[in-house]
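Line by line, the protein sequences give chains B and Y.
Note that the numbering used here has the first sequence beginning at 1, numbered continuously upward.
Note that the numbering used here has the second sequence beginning at 1, numbered continuously upward.
For the record, the hints were derived by calculation from the structure and aren't laboratory data.
Keep in mind it's a predicted model, so treat the numbers as computed, not measured.
Note that CB positions come from ideal geometry on N, CA and C, so glycine has one too.
Be careful, since some hints might not be right.
Stated by the list, open to error - Here are the simulated DSS-like pairs of lysine-lysine, each with C-alpha atoms no more than 27 Å apart in a straight line:
hint, chain 1, residue 1, chain 2, residue 2
1, Y, Lys130, B, Lys6
2, B, Lys39, Y, Lys130
3, Y, Lys238, Y, Lys107
4, Y, Lys195, Y, Lys270
5, Y, Lys63, Y, Lys195
As the list claims (entries may be wrong) - One-sided excerpt, in silico: chain B residues whose CB lies under 7 Å from chain Y:
hint, residue
6, Leu132
7, Leu135
8, His149
9, Gly153
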Amino acid sequence: MRTISKRALGLAWVMPALVLVGVFVYFPLVENLGFSTLKWDIYSGSQEYVGLENYRDLIDDPVFWSSFGNNVLYAVVSIAFQVFGALVLAALVESIRSERWQRRLRAIYFIPSAISMTVAGLLFYFIYEPNLGPLNHVLQAVGLGRFDHSWLGQETTAMPAIIAMSQWQGFGYSTLLFAVAVQRIPSEIYHAAALDGTGPIRRFLHVTVPLVREMTGLMMMVTISGAFQVFNEVMVMTSGGPDNSSQVLGTWLYRSGFVRNNFGYAAAIATVLFVITLGIAMAQLWVTRRRRVEW
Amino acid sequence: MVSRLGFLGVIARVFVWVFLLGLAVVVLYPLLWMVLNGFKTNAQLFGDPFALPVDWSFENYQKAWNRGVSNYLTTSVLVTVTSTIATVFVSAWAAYGLTRVDIPFNKLITGTILGGLMLAPTVALVPLVKMFQAMGLYNSFWALLILYTAFRVPFTTFLIRAYMLDLPREVDEAAEVDGCGRWTAFWQIILPMCKPIITSTVLLHILFAWNEYLFAMVFTSGSGVQTLPVGLTSLMSKHGTEFPVVFAGMVIAAVPVVLLFFFGQRYIVKGLADGIGK
């Protein structure tokens with residue numbers, strides 16, 4: 001009896017964390033499912049049960065689908081640049097002989113990830129600005145003036161421009177992580193490959209790529225999950241405009257709830273986001289677990 | 001044959017250097033442009049966006065400071081400091097309980113706390129707003145302190161727990177022989193041994209709290225407790241025609257975290273690598 005109560009006393013160590021996570025992370029998730037079945041005006045306080053109507057509206061909402069498409073585009077481009085591009089870049093940085101320059105370059109590439117997405121977003125808002133922005137000036141200077149553009153002001157270029165900024169902001173972060181993974185590869189393996197007369201490109205493909213496979217998998221999951229949670233840069237640069245063309249699920253959720261006062265609908269979008277991010281997390285768990293068994 | 005390979009090797013090396021340095025310029029130039037613009041007048045900025053500032057006066061910084069940036073900065077510092085302390089202590093306690101104390105339902109509790117890593121803040125947004133309105137904490141400093149702590153406890157616990165698992169068992173036994181209670185053992189023996197990972201988690205949390213936008217925007221936008229990321233956007237919408245003032249505000253927001261990264265690089269990299277690579 002005494003041992004049981006003593007064991008239970010140990011729970012005091014984990015209680016603060018458990019309560020915080022339970023009340024502010026898990027409970028809202030469950031509550032959100034309930035909210036998504038309501039027609040709910042937060043200002044008048046009126047709530048009405050409407051079943052799955054919000055989800056049916058979702059299916060018929062073209063902005064929901066274009067937002068979803070923008071998240072997918074975000075994920076695809078980010079995988080290309082921040083996973084595969086960063087892996088190649090990390091290997092290139094590791095291939096130079098001066099360790100001091102390796103460190104310097106990695107640190108420089110990381111700076112945009114240290115400053116906030118808000119600062120980066122505002123900075124590129126000015127860079128894309130049609131009149132004073134350096135981007136159009138540079139295009140004119142190199143004779144590409146016909147591409148001169150109101151980058152964030154036009155439906156076709158707003159989303160690509162935001163995605164491009166976010167690659168600038170984020171590639172250094174994943175390069176840094178890949179660099180750590182590359183450094184963990186025992187140097188004997190490289191020496192052996194070099195003695196065999198294997199060139200640098202084949203060494204990259206046959207030694208580096210397979211041996212950082214685990215990091216690559218993790219970075220892919222993190223990147224995809226991040227791409228579906230995009231919010232900050234879109235809010236700062238376009239607020240989803242022009243004409244909702246750069247809307248993503250996160251900003252469409254915000255707009256539906258907090259601007260259009262349709263919180264039930266916002267909750268339904270949140271549920272979709274929940275299913276997507278949970279699915280990605282599950283896939284990640286499944287992959288890492290299977291690998292552990294394999295080895 | 002050998003010399004030809006050597007020649008190709010040199011060419012390849014030159015290409016690699018040109019590419020790497022070119023990329024460094026692509027990263028650094030926009031940042032430099034931002035810093036320089038903070039020293040210009042509107043006329044100079046619109047006249048030639050590439051020109052160097054004529055006189056290096058801090059007038060724009062002063063204007064930005066007086067138009068709210070001092071308040072945003074104070075709030076940011078306050079939220080960052082308090083949520084860092086809360087997050088790291090709550091997480092270190094939890095990690096200690098999970099790794100070095102015999103508690104019931106250990107697996108379940110570990111799964112619950114670390115499972116929070118998988119959940120996106122956006123998903124909980126609507127219920128959280130309702131909850132904080134009901135508690136009377138909407139539009140307050142407390143909302144950010146609580147949310148930044150709750151949503152970062154899983155990640156921070158994850159990092160500290162992994163570190164504590166690797167500490168030898170004998171440490172606890174020695175503490176017990178010395179007659180230390182659990183509480184003393186935690187503060188005087190285990191926590192000091194965890195200093196490297198505590199440093200990492202502190203720095204990572206500062207980066208997070210300083211830059212966070214979603215919660216800051218939704219929970220404080222209409223009040224006097226805006227943090228820098230939100231404050232900058234309102235500076236922009238209020239004084240959007242005076243671009244150099246906005247640039248100055250951006251620089252004020254960016255400098256502390258860039259400095260932090262350069263001084264704490266080793267710990268930040270280690271924390272990130274352990275967090276994602278394990």
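These are the hints, each one checked on the structure:
1. Lys130/Y with Lys6/B: Since the Cα atoms of Lys130/Y and Lys6/B sit roughly 38 Å apart, the hinted pair is violated (cutoff 27 Å).
2. Lys39/B with Lys130/Y: Measuring from Cα to Cα gives roughly 15 Å; hence the hint holds.
3. Lys238/Y with Lys107/Y: violated, 52 Å
4. Lys195/Y with Lys270/Y: holds, 13 Å
5. Lys63/Y with Lys195/Y: violated, 41 Å
6. Leu132: holds, 5 Å
7. Leu135: Leu135/B check fails; min Cβ-Cβ to chain Y is 10 Å, beyond 7 Å.
8. His149: violated, 16 Å
9. Gly153: violated, 15 Å
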